[in-house]
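Engineer: Residues per chain, in single letters:
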Amino acid sequence: MITVCGHELKLGFKTLLIWSLSVGIMGLLCILMYTSMEGEMADMAESFSKLGAFSDAFGMSTLSIATLGGFFATEVGTVHGLGSAMFAAITAAVILSKEEDGHTGEFLYSLPISRSSAVTGKALSVLINLVAFTIICGAFYVIGFVALGEDVLWKELLLFLVRMLLMNVEIAALALLLSACSQRNRMGMGLGLALIFYAYDVVGRAVPDAKDYLFIGPLSYANASEIFAGKEAPVAAFAVAAVVIAVAVAATYRVYLKKDLAS
Amino acid sequence: MADVIRIENLTKSYGKKRGVTDITLTVKEGEIFGFIGPNGAGKSTTIRSMLGFLNFDKGAITILGKDSVKEHVGILKEVGYMPSEALFYPTMKVSEVIKFAADARGLDCREEAEMLCERLQLDTGKRIKELSLGNRKKVSIVCAMQHKPKLFVFDEPSSGLDPLMQSTFFELIKEYVKKGATCFLSTHVLSEVSRYCDRAAIMREGRLIKVDMVDNLTESTAKSVKVTADGMHEEYMYNGDINELVKKLSERKLQNLYIEEPSLEDMFMHFYEGKEEVR
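Chains as they are written, first to last, in my numbering: chain U, 1 to 263; chain S, 1001 to 1279.
Since the hints were made in silico from the structure, they are not lab data. Warning: the hint list may mix true and false statements.
Simulated crosslink set (SDA-like; lysine to any residue; CA at most 25 Å straight-line) [claimed, not checked]:
| no. | chain 1 | residue 1 | chain 2 | residue 2 |
| --- | --- | --- | --- | --- |
| 1 | S | Lys1077 | S | Leu1172 |
| 2 | S | Lys1093 | U | Phe13 |
| 3 | S | Lys1129 | U | His103 |
| 4 | S | Lys1129 | S | Lys1179 |
| 5 | U | Lys258 | U | Thr3 |
| 6 | U | Lys258 | S | Glu1085 |
| 7 | S | Lys1179 | S | Leu1164 |
| 8 | S | Lys1253 | S | Ile1242 |
| 9 | S | Lys1099 | U | Phe13 |
| 10 | U | Lys14 | S | Lys1099 |
| 11 | S | Lys1099 | U | Cys181 |
| 12 | U | Lys258 | S | Asp1022 |
| 13 | U | Lys258 | U | His103 |
| 14 | S | Lys1058 | U | Ala262 |
| 15 | S | Lys1077 | U | Ala239 |
| 16 | S | Lys1099 | U | Met187 |
| 17 | S | Lys1148 | S | Gln1121 |
| 18 | S | Lys1174 | S | Ile1242 |
| 19 | S | Lys1099 | U | Thr15 |
| 20 | S | Lys1099 | U | Ile113 |
| 21 | S | Lys1077 | U | Gly121 |
| 22 | S | Lys1129 | S | Met1115 |
| 23 | U | Lys259 | S | Lys1028 |
| 24 | S | Lys1017 | U | Arg184 |
| 25 | S | Lys1028 | S | Val1211 |
| 26 | S | Lys1210 | S | Lys1247 |
| 27 | S | Lys1016 | U | Ile113 |
| 28 | S | Lys1248 | S | Met1237 |
So here's chain U without its partners, still in its complex pose (with noise of 0.2 Å):
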């Protein structure tokens, strides 16, 4: 299972590094434009609060964009929810089918490897790596609040990141599961899981109709401008993340042990 973790994380190094620096890159941009918009924010947070569905969809309703808070969490928090969803989803969505869809299966089960142990290393090594994608890109962030001369508002940056990584954690549980059930590398499949998701989230927000429901999507409960808000996220969000994690990864197991494997 190590053996196998490992080799998967020297493998996936450079998607790290491509997507971690990335959005990371364009999160501290993000928050360095925060000095240079500043004196013009006060009047635009003015005006896009009253854009009704349009504000809600951002969370510019919910947050001012005047203050640092408030521009990090509608700017990056829309990139960093994003770019996370989407190396989440394509990290997972590979895993399991890359070995059949490579043909490289018939060398890797040949060895004395569990199919359960390979399901394992492989799921860990998409979990360390969302761990390192969420500590590079909050590295980043923390470098611009500092570039700022600005005091870093580490309760709320945390709890994001954290939420955050809860969020990505989800997608790729259920990318993960689209991995097993494949033959074929299913990375469109995933890019789309998270869009959907998005999609989902950003339209549920608009909606006034859809707001009790969006307690369903991964986003719900890691929404920026609620978190710098202070506004609690619904458990019941917690509670379907927690079943989608388990029942995903179970369904995972059952499959992947149960298969044919493709030559």
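Please build the complex by placing chain S on the supplied structure of chain U, with the hints as guidance.
Structural biologist: Coordinates of chain S only, in the frame set by chain U:
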């Protein structure tokens, strides 16, 4: 000698598609066992069932005294498998792939791997994506042999290897077998079977149609007859009274005639084409 492989009534289907039906065979310790059959005959399905890649429908497989389903990982520790495709992770270096295979077994195989790479003239510094099929096959051979397994399972091992490397490969097999290993060799190349194997099994359309000593497969009362007479060429197997054959042939105007012991190729074609009887 103990049975290293024991397959009993193995049946595997892919939905409505045929896989293998009722395969029963044993491979004894120290044997080089040939497994012959045309494409789609069920050779790979049998091998993939043995190694746990496929869940078979019926039957039982015991390898090195262990149940292939319950003690799957224990079996793989003692087996060196070389798949027909020899595909690895493209961005990894050859040395990394070989080390990964050894690490997964929890063994330090550096000495054996070094010897194998030297004999196979394999450059371990190259990346997999830079290798030809032949060189990928060499990587596969090293991964299958470096841990000195008790049983080798080879699926079309020599395709892609040049004749010199084929010879080195079979020399290596003979050396390991001399030290007590057993070899299960699935191949299309009948000359390899007749040259290196002790026994062989012939598969056709998912069924095992013959298992015997290689010598017995070719040593038959049947004769291979190749005749050119009356302007026509005919090739067939003859299993009757040789005097009758000569009498019949003498009635024709012969241009050319060969009556000889059948080769393994002749026997294989005979079984493959499903001829129930010879003339």
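Engineer: For which of the previously enumerated hints does the structure constitute a violation, in increasing order of number?
Structural biologist: Hint check: 4, 11, 15, 16, 18, 23, 26, 27 fail, others pass.
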